[in-house]
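Undergrad: Sequence:
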Amino acid sequence: MMMQRYVYLLIGLLWSGIGLHAQDTTYAMRLGFPANARVLILHMDDAGMSFDSDSGIIRVLEQGVARSTSVMMPCPWVPHIVRYILGHRVDAGLHLTLTSEWKDYRWGPVAGAAAVPGLTDTTGNLWPDVADVVSHASAEEVGREIEAQIEKAERMGFHPTHLDSHMGTLFATPAFLQVYIQAGIMHHIPVMLPGGHDSYISQQMHLTAAELQQLHALGKMLWDAGLPVLDDLHNTSYDWNIPADMPRDDEHLRKWRVALYEKTLMELKPGITMVIMHCTHTSCNFSKISDSGDIRRADMLAMLDPGFRQFLQAHGFIITTWRELMQRRASLASSRL
1 MMMQRYVYLL IGLLWSGIGL HAQDTTYAMR LGFPANARVL ILHMDDAGMS FDSDSGIIRV
61 LEQGVARSTS VMMPCPWVPH IVRYILGHRV DAGLHLTLTS EWKDYRWGPV AGAAAVPGLT
121 DTTGNLWPDV ADVVSHASAE EVGREIEAQI EKAERMGFHP THLDSHMGTL FATPAFLQVY
181 IQAGIMHHIP VMLPGGHDSY ISQQMHLTAA ELQQLHALGK MLWDAGLPVL DDLHNTSYDW
241 NIPADMPRDD EHLRKWRVAL YEKTLMELKP GITMVIMHCT HTSCNFSKIS DSGDIRRADM
301 LAMLDPGFRQ FLQAHGFIIT TWRELMQRRA SLASSRL
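Residue 308 in our numbering sits at position 308 of the sequence shown, and the numbers go up by one each step.
Hints were generated in silico from the structure; no laboratory data involved. Just to be clear, a hint being listed does not mean it is correct.
Stated by the list, open to error - BS3-like cross-link-like pairs, simulated, lysine-lysine; straight-line CA separation at most 30 Å:
no. : residue 1 : residue 2
1   : Lys152    : Lys103
2   : Lys255    : Lys288
3   : Lys220    : Lys269
4   : Lys269    : Lys255
5   : Lys288    : Lys103
6   : Lys288    : Lys152
Here the structure is a predicted model, which is why all the values come from computation and not from measurement.
Make a model of the complete structure from these sequences and hints.
TA: If you want it as structure tokens, here you go:
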């Protein structure tokens, strides 16, 4: 599985009615950060997916440098992580989940299969692949499931700090993307979308000038709705394959992963960049779910590494959260009343 493989591949098909927006400053500067600051949201996906996922995320929140996460509401370990979130005021959003990608470890839609039949396969679970969702589900069903996931979180007393997209499914078609953005605006919840200069994600995804202009327009739409906007997105870590000849003990995994994070973070331009990772404290059971355990454990080890913390400090990176961004955006809006 390649995380968010579909991100931005169809962004050029966005609605023709959206105007273009010239970027004259970073969203970080608009929110009051220094002009040349590289501001990071170190973000851990897949909370609630498994006990091992929750354990890795909690360990990093308590001992490491990453401070943000998002929850997969259809998954079985959600009550565990939500109790922790509520007890510790964690910066936690919703990892809006429209796929169930593993072979034997599956989950169904929060709305129920009868309410969103196009989102489910013959087992009643969510489709395993993004392409299946695109082929079978309507935008209306996607919107219905998004609302069900938000409503479930709110019923639990969990108000998400932001919305983002598991496997990038909500970026797979213009209609899905529109539903995603509208959900954020309607609920006044920040939405994970890089609407700024997009230097890093543009290089990684080979975005065209027209695609970048359309991302800028979407960013302006969110900003004008009173929501904070990312300047860039770092979403490459899941595709960093472990060298075949490298031992997979913790020490080798940690050093390898830290080196990659340090190299790529130095490539970032000033602005707010969300850095996506998957921190998991893998047990012997995780291999029954996925073969990605070593990569996910490596992320956890990197975020716990004292040397990586020192690297961030030495190079002046500012670590923020979605909660702080929304507070800054709200304060900016109120000051203009």
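Undergrad: Please go over all the hints and tell whether each is borne out by the structure.
TA: Status of each hint after checking the structure:
Restraint check: the Cα-Cα separation between Lys152 and Lys103 comes to about 26 Å, which is no more than 30 Å; the hinted pair holds. Straight-line distance between C-alpha atoms of Lys255 and Lys288 comes to about 26 Å, which keeps the hinted pair within the 30 Å bound. Restraint check: the Cα-Cα separation between Lys220 and Lys269 comes to about 20 Å, which is no more than 30 Å; the hinted pair holds. Between the alpha carbons of Lys269 and Lys255 the distance comes to roughly 24 Å, so the proposed pair stays at or under 30 Å and holds.
Note on Lys288 and Lys103: the hinted pairing holds, with a Cα-Cα distance of about 9 Å set against a maximum of 30 Å. Taken as a hint, the Lys288 and Lys152 pair is honoured in the structure, with Cα atoms around 28 Å apart against an allowance of 30 Å.
Comparing the model with each numbered hint stated earlier shows that all of them hold.
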